[in-house]
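Chains A and B are the protein sequences, given in the same order.
All residue numbers for the first sequence refer to my numbering, where the first residue is 1 and numbers rise by one.
All residue numbers for the second sequence refer to my numbering, where the first residue is 1 and numbers rise by one.
Since the hints were made in silico from the structure, they are not lab data.
Do not rely on the hints blindly, as some may be mistaken.
Covered stretches of chain A (chain B as the covering partner; in silico rule of three or more C-beta atoms under 8 Å from a C-beta of chain B) [said to hold, decoys possible]:
| id | segment |
| --- | --- |
| 1 | 46 to 52 |
| 2 | 237 to 248 |
| 3 | 297 to 303 |
Quick list of in silico lysine to any residue cross-link-like pairs, SDA-like style, CA-CA up to 25 Å [stated by the list, open to error]:
| id | chain 1 | residue 1 | chain 2 | residue 2 |
| --- | --- | --- | --- | --- |
| 4 | A | 260 | B | 433 |
| 5 | A | 77 | A | 62 |
| 6 | A | 55 | B | 413 |
| 7 | A | 260 | B | 435 |
| 8 | A | 260 | B | 300 |
| 9 | A | 19 | B | 410 |
| 10 | A | 55 | B | 414 |
| 11 | A | 250 | B | 423 |
| 12 | A | 250 | B | 432 |
Ideal Cβ placement from N, Cα and C applies to all residues, glycine included.
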Amino acid sequence: MMLKPSHHVIVGLEIGTTKICAVVGRLQAEGVLNVVGVGQCRSRGVRKGEIVDFKAATEDIRRALAEAEDMANLEIKSVFLGVTGAHVAGFNNRGRVHLPHGEREITESDVQEVVRNARTLNLPAGRDVLHLIRQHFIVDGRSGVTKPVEMEGEQLELDVHVVHGMTSRLQLPIKAARSLQIDVEEVVFNGIASSLAVLSNQEKDLGALVIDLGAGVTEYAVYSERVVKHTGVIAVGGDHVTNDLAYGLKVPMSRAEALKIEHGSALMAPEVRGRTLRLPSETGLPDRTVNLEHLHRIMSLRLEETFQIIAEDLERTGLLDYLRAGVVLCGGGSRVPGIHRLAERVFGLPASTGRTRAISGLVATLDQPEFATGIGLVRFGSFHLGRTRRNTGLASRIARTLGGIFQTS
Amino acid sequence: MSREVFSNQPDSGPNGTRVQIVGVGGAGLHAVEHLAQSGFAGVPLAAVHTDARLLAQSSLGTNILLGSRLTRGLKAGDPDVGRAIAEGETEQLAELCSDVDLLLLVVGLGGSTGSGVAPVLARVAREAGVLVLAVATLPFDLEGRRRGEQAQIALRELRTASDAVILLPNQQVVRLLEEGAGLTEALEKVNELLADGLRGLCRLVTQAGLIKVDFSDLCEVVRGRHSESCLAAAEAAGEDRVKAVVERLLNSPFLDHGNALSEAESVLVSIAGGPGLSLKEIQQLMDQVNRLCEQAQVVMGADVDPGLGDRLVVTLVGTHRRQGEPAGSEPTEADVEPGLPGAEFPVDGRAGAEPTSGGAARARHFVPPAPQLAPEEKVKLMEQRGLRPKRGKRAGTQFMLPLEVVSKERFEQSEPTRYRGEDLDTPTFIRRGVRLN
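Excised from the complex, chain B in its bound form (with noise of 0.2 Å):
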């Protein structure tokens, strides 16, 4: 895989891509609080919720109560309501993603004000021209029906409103606990889990790098409506740190045992580490990757970080798309927006790495923030980009494409069937995202 080295890029600073935490909900509250208290700097954390006293307690920057007058000071108690307080006010909301290129959106899905709010939050923020990057999680299967149900239209709201959205479904981690494991403890261990991504995903979309990933390939990975993510980071240190995080990795319940990666399409692998980070280290971790995830296109970035010594930080973004979704195929505005007609997928979707394809009319919908780079770079990044092996070579439309003949065969006479955003001639199994092994 040949990616240009830049080995003198300027920091990120103030012009790098700027970056806005919100927490949403109970939970969205409680995982951005556990990564301020585990020291995060650098990005602005904030939290939205209903209810006023969780909010009291927050430490973080910013806190947004929502529909005080409504529920005073309580919570919404039904998702519908939160959704009512959240589109009551926007303005509030739609400050907090001003002055703001991607907004990470932190959610626990079930509930009433994190399954009603984030999806109104992710369409103010795309509204203003804000990338939302939505990691959110599902509840508990012991958390019973409805709200696994809540969690499921949520989520079907919150992908159309948001670009991209990680998931996390926090029945994987039971398995990592013990037998005799406090809820409080699992709760504790989703938070950890959550902040660790948080703090990977961060890593990856503000520092510079020696081996550039950058935000526009963490949107290339993660988008699609109908795609699904895992998000998975693990540090360590010492002697056999590679092994070490290699295990961690392994052991994260998001990534069910490297299952899913072994299943996903493309994969995004940031390594970060001291300045003691050798060529070896990176290939022998490399070459576990690769190796468990064969299918995949692998995207690879490195960083050195003098603050972490002798860490070595991981952070794998990987994302497994439906069949009926041909690769890298992106979310187009028909795809999103109910009664335009059906979606066109185009063959070599790549739109999204370059900014200036879309035009104003696309300007809404996907927007990675420019590179800030000279005319002359950009060109030359263009190109190399143009260079790299495309996906496409696996050769992927041989078997979409008469699968979507079939899909749409009994149906092309007659109109599509949408209802809130979703064409629902495609199967529901593809859209629901379940998986035929």
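Chain A extracted, bound-state conformation (with noise of 0.2 Å):
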């Protein structure tokens, strides 16, 4: 089989804890995003998000990579690694500069200036920037400033949004990459690539939540004003919600998941008190029956836990009352009949499931809530490439600041 060149191929590769997944993006020449092939693996080597078993977790990567090549018939050589795990944390900082001379207008290299001074970051040893991404500049104390190049003042300011997590985490997803010999081009923090995928540039202005509830982790992500404002990990997922149930109504994992997919609610209704359901038996033991007001009292509870817990973030950073277009789920966990309710009743905003817009190619398989990862790793890529070629963009930035990660691994 003759294999393509993969000039403008873009590949999203997620490393997560039920599935891995990876997504072929072809970059078209009006700039439309299409995707043209997706390869999946049920993972065995991951928990919470990060790898638990290295051979494991090689072998489904290398997997999902082989079906992902097979569909969109091409060689894949590199991708943008999704990334997770309790040790990444977001948080703002802020660049100052001084114009000495008194007012006189502002120049390229102040603002270079200004962003190598909000990089100065005070990380504690081990720890890596993954993301730093310019929310806005301040001039003279005016805030919300996009392009201060040549307005007139003092002192100039630049708001940075800071991903991080710890070196030694980080590095063994790209380790697990780099040995099928797939090389890493950027290492990207779930959270943000979906809600790429998921969210409008309209929602991004009007001011979002994205929750991504995945297997092992939550994610989360906070726009306003068009940029990041916050992010945030939760090492409490889906897993959980399995071992929840598993505990509480004495069966096991996999009958758990089954319960959970199939009966699972994230809300308890008064219709279902006293409910029962009959199991099945499996080895000739009598037939069990489960109290599904039981089971649906325990996942309400832990994914109510699980949303209270980032309305609690948000609250104490001061960002719940900035989100005019609501709460965007995606992940499996926005799949729970109810969770839109739930998250509306925590949060107290309108919530409704992501889809993965602008993007073309396999759609039917693709607008699904699990995805959006993958995608949003595409789309994120796709900026990238678009970047590069200016060398000044932002993907550029972040590529040098994650220099120390692909040398060392």
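Join the two chains into one complex using the hints; note that each chain is given alone, in its own frame.
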């Protein structure tokens, strides 16, 4: 088989807790992103979003990539790698430059200096910056400036959002990809990737909270005024729901998983009170019954708690009032019936399931909340390609920051 | 149940357990005030609040006004503000805990001051080596969801910060009231129940007793962060006083018509009566209690107090532990402090009864005041306890063990997810204490 050169091919690789997913996108001349292949494999070596069994994880990645290659009919050489885990965290930082000679026009070099200052961070040892995202410039206290060059002022400031993680734990997935002779073009935080996939520009403008309810971890990102304002990870996910059910209903994990998918609900409905489910016996044991009310109560408590932790975090940062586009859910957890109403109740905002927008190709296959991260990685990649041509953009800066990771791995 | 009878136990006097009752916030203040007005002596009462006006009306011995500069004597308005105020004035709170062995913290959760200040006070007290027993009320349902949520958050913090929490959900009181009862009446009722319970608790820990139940027994029953304790006290006089007392106890909303008892794992019963208290009466009473809580380990104490005259006073503390929690497990440091590796549950967790076993590292956490006994008496007491039939006898471990495995299985290879001192890998319904019947 003749494999085509992968010139404008962008591959997003998500190493998830239940599935490993590779999405192959092709950037066409007019800037349209076309998804041409998807590869998936059940993940065995990942817990809470991080690799715990290197060998199994590598094997699964290989299979997912091979499936994607088959479908897209090309050879994958490099990927945009999604990373997550409890160690990833985000915060906002501000850089400042005093313009010494009184009021004068701000120049490009002033901007570069303020960017440099904003990047001067006090990260604990062993941590690396994953993303450094420009938010807004502030000129003499006037906030919300996007293009400060040629403005006049005495003081130039820049707000950035910094996403960082532990170097040693970020290296593991990179190492896994490397061991398969795959280059890692960029390491992307999954929470940012999925928000890129599901938010429209208008939603980013109005302010939205994206929650990716994964199996191992729950990531969230807040957009307002078109920029990332806040990100975070909680190492609690669908696995925890399953585990709670297995524990509370005294059934095996596999049975708990099936119960969660077939009969789960994020809310307690009054009509389930006292209702039971009959489970077919597996090994000749007498039939078991499971109390549906308990099932729903266990699930709703766990999901509500997860949302509450996010809500508390946002309340601390004061962002809850800026989310005019509401809450957008994605990830497998967004399929749980009633999850939207639960989110509406906890956050006091309208909630919806994220649709993967502005992407063509295998639309029917891909318009599922589970693929948000994979598609988001491809979108991130397309921005990256677009910007490296100009070589001044965001992604190249991140690449520089990340240089350390790539060299050591 | 063989328990040593200390017939010549010296009066607790100055060497006994020094108890301080502190009401925090509006609800706590009112409850303690109610206690004071109903004629309660022997235990110092204090109030901590941010509201100057309420404190000015208070008749208690010690009143501490917090955050007067910040709130100008008004209420805190928000639990976070309350917490911040308390954190800023910890010296004042620490003063309250000097020369005290046991702090009984009375608080109504859900509001601003109580929810914010109480966990801080509990922490400060514990840092000073004081044992903290919190008696907390949860708001009525009618007070709205937000208050309920604030209360739940504060409750979690309080559970982490104090040695034990006894919970009185106000909503339960509603059932007791008549249809047309006013809010004042409801609150009055809550205060009354709280005061009764507090009085009983104080009696329990301060008085000598013929069949002694003391502070360490109480600790044993209520400790454990995931446990839910209920508290009820009742008194009666006259002919059928045993029957009347039991009836009143069962009527207590906090016992849920005795349902709470049938599910309880350990129950502490303290009986006090006048000189006329007869063995038969105690037996009748204990028969009833034992019948109610067949599953439970029952610790019983009795005392004769000439001041009681004809009256019979019974205080009941019951604890229902969650399924995941092995009986007698003690919240270890790791359980309380975030960032430490997962809590190992001791199979035989009776460390609390042995003050020497903890060592300095544990000192901050759980220090029952050493009983003031001569060394030989101490040894005897220890032996006595060691011989006592343990709750482990009920083969609790047999069903605990596999469950614990289920709970960790999926996550054993990864680091535990910790948030505000809680291990999020443990099912939420267990941590929140939701009962699945």
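Tested hints:
no.	hint	in the structure
1	46 to 52	holds (count 4)
2	237 to 248	holds (count 8)
3	297 to 303	holds (count 4)
4	260(A) / 433(B)	holds, 21 Å
5	77(A) / 62(A)	holds, 12 Å
6	55(A) / 413(B)	holds, 15 Å
7	260(A) / 435(B)	holds, 20 Å
8	260(A) / 300(B)	violated, 45 Å
9	19(A) / 410(B)	holds, 16 Å
10	55(A) / 414(B)	holds, 16 Å
11	250(A) / 423(B)	holds, 20 Å
12	250(A) / 432(B)	holds, 18 Å
The structure does not agree with numbered hint 8 stated previously, though it agrees with all others.
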